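Q: The listed protein sequences derive, respectively, from chains F and E. Just add 2 to the spot in the first sequence (first one is 1) and you have the numbering used here. Just add 1145 to the spot in the second sequence (first one is 1) and you have the numbering used here.
Treat the hints with caution; some may be incorrect.
Using 27 Å as the maximum straight-line C-alpha spacing, the simulated DSSO-like pairs for lysine-lysine come out as follows [as the list claims (entries may be wrong)]:
(1) E:Lys1182 <-> E:Lys1356
(2) E:Lys1344 <-> F:Lys42
(3) E:Lys1315 <-> E:Lys1296
(4) E:Lys1253 <-> F:Lys42
(5) E:Lys1182 <-> F:Lys85
(6) F:Lys85 <-> E:Lys1287
(7) F:Lys81 <-> E:Lys1253
(8) E:Lys1339 <-> F:Lys39
Sample of chain E residues at the chain F side, in silico, Cβ under 7 Å [what the hints assert, rightly or not]:
(9) Ile1240
(10) Arg1281
(11) Ile1322
Beta-carbon label-pair distances, calculated as ranges [unchecked claim]:
(12) F:Pro86 <-> E:Met1312: 41 to 47 Å
(13) E:Ala1203 <-> F:Pro86: 44 to 50 Å
(14) F:Trp109 <-> E:Val1352: 27 to 33 Å
(15) F:Pro86 <-> E:Pro1204: 34 to 40 Å
(16) F:Asn84 <-> E:Lys1287: 22 to 28 Å
(17) F:Leu96 <-> E:His1276: 37 to 43 Å
(18) E:Pro1185 <-> F:Ser127: 58 to 64 Å
(19) E:Lys1344 <-> F:Pro16: 32 to 38 Å
(20) F:Trp109 <-> E:Arg1206: 43 to 49 Å
Because the hints were derived from the structure by calculation, they are not lab data. Given the structure is predicted, the values throughout are model-derived calculations rather than measurements. Ideal Cβ positions, reconstructed from N, Cα and C, are used throughout, including at glycine.
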Amino acid sequence: MACQLLFSCSTKEPKFQQYYVQGEQLYIKNCSNCHQKDGKGLGLLYPPLDQSDYVDKNLHEVLCLMRHGKEGQLIVNGKKFNKPMRGIPSLTDLEIAEIATYIYNTWDRQHGIIDVKETASVLNSCK
Amino acid sequence: MKNTRYKMPDAGNNTSWTGCFFFITMIFLAACTPKQKDLPIFGEREVNGTDTIYHTIAPFRFVDQDSATITNDVFKDKIYVADFFFTSCRTICPIMKTQMLRVYEATKEMPDVVLLSHSIDPEYDTVALLHDFAERLGVESKRWHFVTGVKDSIYKIAQTSYFATAMEDKAEPDGFIHSGAFLLIDKKGRIRGKYDGTKPEDVDRLVEDIKRLRAEHV
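Next up, chain E with everything else stripped away, as it sits in the complex:
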């Protein structure tokens, strides 16, 4: 479209054509690349006059690996990444933990970013066990909370707040079905991204989106 307006007389000359094409492309890119768009906001929304009410994570109360009570307040003014796992799982959880550890490393210099891993086998995954698990993974509890709690509350928050699958199923090899999703939550408790925590490329995208989200909040 734009190219026609910049037609050069020596169009037959390859070198200048290439240069010209490059030049035009640069102008085109500079003019048309939009400011990076905000990340989408997941879930249903309600519009009340000029206000839009978005889906947010419901109130919760769990206990982490240091026996600290973990509620929504802990994540006030924080961006966080949530997932669902259990320590004795041999299927996708170890892959998810390897990938979450990458997120942990990538966000080291970001004090407003924390991680939240919920155990979906809270009877087995006691505070002591989660403490041992986190220590063996070599991570700090203030940046990565491993929580346990009432089983039904964990399943309910997974399904209704984070739109993630988590349930018991004795027919499965390890006794549970759960999704490998990582959920990106903004400072207002809204879901801003969903990633496959077993795929390194998807986790790369998550790390980029965390940076975008931080820029958005400034």
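Isolated chain F (complex conformation):
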């Protein structure tokens, strides 16, 4: 599947390390205020990222919402969230790839690197 292509690199590679470390910094700067440093979110205001069926199943949408934001009801782990999240248009393709690499390799996830080229092609086809 398309997703598997994204995760083909080994997690031990220097490139992975670089993405991951940068991604963590960017996550703290851009995401953690609401989603919390530990990814647990806050009540029904900000959905969790650590244990999240939505994050697990929707990599492409997650990449797109970082840039374009998201509105309307969102069901995460069976709970209804409905607060708009504004996108951060200033994030580059690489930065979004790094944040995704961090999110998808933390909190028990081990997806491997989410490469900038793949990220760019997903971002080009956001709805």
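We have chain F already, so just place chain E on it with the hints.
A: Here is chain E on its own, set in the frame of chain F:
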């Protein structure tokens, strides 16, 4: 100072020295630890003969998430913690709300302690929106009031009563500048503490100070 009076003959023996030192320290601590001091009272004060008039929170009238009118009377005989935020803020407010939620949890068993969060974006933060916000946070309106009102009244009370910064600034990413301060107000409407609501350690101190303040009021 005190130690010299308790000099022991077997000072060369390490064990007894340590024990002795410990003993003396305990005496010293027991004798000299003062009764916990009252919290400071913030702001200017006026002395009229034997009376001191302290700075208090000016009269206010806002509406909370249940459309209830919230005035100073609601906080009569209550200790409360106040802050300024807005629901659409992505910068420090979510951190402040995470920390205020800790205060909410820590004061669960204290019926005389309530929380008051003022929206500094009252045009956007309607009663309905604040209601939804509080519900999503999972908190009870009788213990945590989220208020909206006339914008200028909110900015004015922030600046002149609570000594907190709150203003509009279109140059800022979210359009407002405000401080992340939590203010501790006693049962007489006086400010007794100011804490950085974005720092967990400072909020720990706030929770301790609430306990101290309750003890003081007894």
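Q: Evaluate each hint against the coordinates.
A: Hints, one by one, checked against the model:
Our distance criterion of 27 Å between C-alpha atoms is met by Lys1182 of chain E and Lys1356 of chain E, whose separation comes to about 13 Å. Proximity of Lys1344 of chain E to Lys42 of chain F is assessed by CA-CA distance (about 18 Å); at most 27 Å being required, the pair is judged to hold. At most 27 Å may separate the alpha-carbon atoms for a hinted pair to count; Lys1315 of chain E and Lys1296 of chain E meet this at roughly 15 Å. A hinted pair counts as satisfied when its Cα atoms are at most 27 Å apart, and Lys1253 of chain E with Lys42 of chain F qualifies at roughly 22 Å.
Proposed proximity of Lys1182 of chain E and Lys85 of chain F is contradicted: the alpha carbons are some 45 Å apart, above 27 Å. About 24 Å separates the Cα atoms of Lys85 of chain F and Lys1287 of chain E, which keeps this hinted pair within 27 Å; it holds. Between Lys81 of chain F and Lys1253 of chain E the alpha-carbon distance is near 25 Å, which keeps this suggested pair within the 27 Å criterion. In summary, the hint linking Lys1339 of chain E to Lys39 of chain F is supported, as the alpha carbons are separated by about 25 Å, within the 27 Å threshold.
With a least beta-carbon distance of about 6 Å to chain F, the hint placing Ile1240 of chain E at the interface is held under the 7 Å criterion. With a least beta-carbon distance of about 4 Å to chain F, the hint placing Arg1281 of chain E at the interface is held under the 7 Å criterion. Annotation: Ile1322 of chain E was flagged as interfacial toward chain F, and the flag is violated, the nearest CB pair being 16 Å apart, outside 7 Å. The beta-carbon spacing between Pro86 of chain F and Met1312 of chain E, approximately 24 Å, falls outside the hinted interval of 41 to 47 Å.
Taking the beta carbon of each, Ala1203 of chain E and Pro86 of chain F are about 35 Å apart, not inside 44 to 50 Å as hinted. Taking the beta carbon of each, Trp109 of chain F and Val1352 of chain E are about 28 Å apart, inside 27 to 33 Å as hinted. Remark: the range hint 34 to 40 Å for Pro86 of chain F to Pro1204 of chain E is upheld by a beta-carbon distance near 36 Å. In this structure the hint that Asn84 of chain F and Lys1287 of chain E lie 22 to 28 Å apart at CB holds, the actual value being about 25 Å.
Separation of Leu96 of chain F from His1276 of chain E is about 41 Å and conforms to the stated range, judged on CB atoms against 37 to 43 Å. A beta carbon spacing of about 60 Å between Pro1185 of chain E and Ser127 of chain F agrees with the range 58 to 64 Å that was offered as a hint. Judged by the Cβ atoms, the range 32 to 38 Å given for Lys1344 of chain E and Pro16 of chain F holds: they are separated by roughly 35 Å. At about 46 Å, the beta-carbon gap between Trp109 of chain F and Arg1206 of chain E stays in the expected band of 43 to 49 Å.
Figure legend: structure checked against the earlier numbered hints; hints not met, in rising order: 5, 11, 12, 13.
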